[in-house]
Amino acid sequence: MEMTDFMEISTGDLRMEYENGFLRYLQLGADEVLRKVYFAVRDANWGTVPLQIRNEKLKIDNSGFEVSYEAFSQHEIIDFQWQCKIIGKDNTVRFDILGRSYSSFLANRIGFCVLHPRECAGLPVTIGHTDGTLSMNAFPEMISPHQPFKAIKTMAWELASARIFLDFNGAVFETEDQRNWLDASYKTYCTPLELPFPVQIEPGHEVRQSIVLRVDAKTGFEQAVHPRKHRFSVLEDTYPLPCLGLESNAVTLNDWSMNKLRSLDLAHLRVTVNYLEEFGQAAFEQAVAQATAIGVPISLVLVTGADSDALQKQFSVVDWKGIEVKEVTVIDGRHKTTGTAFLNTVLPIVRSVFNDITIGGGTDYYFTEINREPPHMDLLDFCSFSANPQVHAFDDRSISETAATFYDMLQSGKVLSREKPVHISPITLRPRANPDATETLSPEEQLESRVDARQQAPLCAYWTLASIKQLVRGGVASATFFQTIGREGLLSQQGRRAFPVFKIFEFLGKHKGGRMLDAVSSSPLEFDGLVLEKKGKRYAALFNLTDKMIDVHFMGQLTTLDPGEIKFWG
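With my numbering, the residue at position 318 of the sequence shown is 318, and numbering never jumps.
Calculated directly from the structure, the hints in this document are not laboratory data.
It is possible that part of the hints are untrue.
Pairs of lysine-lysine, DSSO-like flavour, derived with a Cα cap of 30 Å [what the hints assert, rightly or not]:
{"#": "1", "residue 1": "K321", "residue 2": "K420"}
{"#": "2", "residue 1": "K510", "residue 2": "K420"}
{"#": "3", "residue 1": "K414", "residue 2": "K218"}
{"#": "4", "residue 1": "K218", "residue 2": "K326"}
{"#": "5", "residue 1": "K548", "residue 2": "K535"}
{"#": "6", "residue 1": "K548", "residue 2": "K503"}
{"#": "7", "residue 1": "K414", "residue 2": "K150"}
{"#": "8", "residue 1": "K537", "residue 2": "K503"}
{"#": "9", "residue 1": "K326", "residue 2": "K548"}
{"#": "10", "residue 1": "K420", "residue 2": "K336"}
{"#": "11", "residue 1": "K85", "residue 2": "K218"}
These figures come from a predicted structure and were not determined experimentally.
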């Protein structure tokens, strides 16, 4: 039969989606069994090599399905080819892959990955290890800084509807908590990180692996047969809105851009000074000028090293008295986090200049860095880290999934910060840099790697609104998002065009000072929204993530959302 990019398939009571060679959203009734099963080649910089599928075949009968295809992981010098088969029968799914290299290259990982949804948090799980022993564990509730399960041969856990069993063959597997990087999952993958990487792969190298999933539905379990109703329910709990800001850049704002940005009523603009690079006086002054033009203070990020004499000299270059600074974040430019020795050297100098404002630290990279090496919070006023939704996956639906993880991240972050304020800065659509890269990109390549065409599309707006909702629920004190203008921003200055994401900040700015009401979507990967209350009046934004028209029951009425629509009330 002719294949499509996406289709629903099933075996027994187990339903799932087949998409581009992989399975995702494996579901038994209301319970999500697995988020995704896939395989990949990861290069020496942890980049995922693009995959092309050919000769795809699908057979379906009353008991299940059978999928087979050839896949090609090819990019530049990498040429790795696969034979894949997926068989689903009677609530059991078996995945088999046989891969072979046709070139010589460096790789960090090749093989299967299984994603367990973040909703598994706290569930007991029995691990069968490669040495034949069993251990009783649980999926971590707080984000685990290191691998919670190692040397995995089998996994077994229980949901409300069924008992779940996984069996792994062909490699040694372990599990990491991907919420460290904002993914909405735990990942069980092959090749333990304690082994050296990257590994030299030669022509003829083979990878043969299999995974078997078995689902034993509990007695009395009934598959839902009634069509779902889309509901958006407003709850009692309310939350204050955090400080929301953007990142400046070295572009002169015209009157149109200045007026548009002023209308957002932002709390700050982020301005970074990297003293480990050649100081660009003109670029710095232009970034500060953006803040002045739209009438907001700057959130100053100082990237430096633990050299007090050099820092004293660097500080003297700028007349700080003429600049309105709201807060300072110190970053160790030579290490992933701000360690105690760094803080003891740098903070006295910074406080001598900024003696009456808050000073924070942490990392300019991912939450995982401070989760593994927390900063000395007795020395800091707040903790800071950055975030983006595309460390491991890049498709629209995977990006949409990540918004919910901000809540988990903040619960763990507040423990690390000892209940001091948590700032997330900046939040971008793509990674700004790779802290684990083993190869260096040119400045031009680095710039292009930061840009995503979807910055100008509705997806960025959906994800931003859903993320802000979870940031507010999680209690973030301050969140800094995209740049002001340009390909990483909210506006196209030359074309005088506001991107869809601008509407989100416009909505929040218009109702600044209000409180967010907790609200729950019956299907957050299809639609979601945010509800504010200010001076006794309610305002809302709802969005439809799908390419179909949906009807949503909301505040006592039925409202229709067109495909991809964002609708505002109030």
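So, going through the hints one by one against the coordinates:
no.	hint	result
1	K321 to K420	28 Å, holds
2	K510 to K420	28 Å, holds
3	K414 to K218	38 Å, violated
4	K218 to K326	57 Å, violated
5	K548 to K535	35 Å, violated
6	K548 to K503	22 Å, holds
7	K414 to K150	27 Å, holds
8	K537 to K503	20 Å, holds
9	K326 to K548	44 Å, violated
10	K420 to K336	21 Å, holds
11	K85 to K218	28 Å, holds
When each numbered hint is compared with the structure, violations occur for hints 3, 4, 5, 9.
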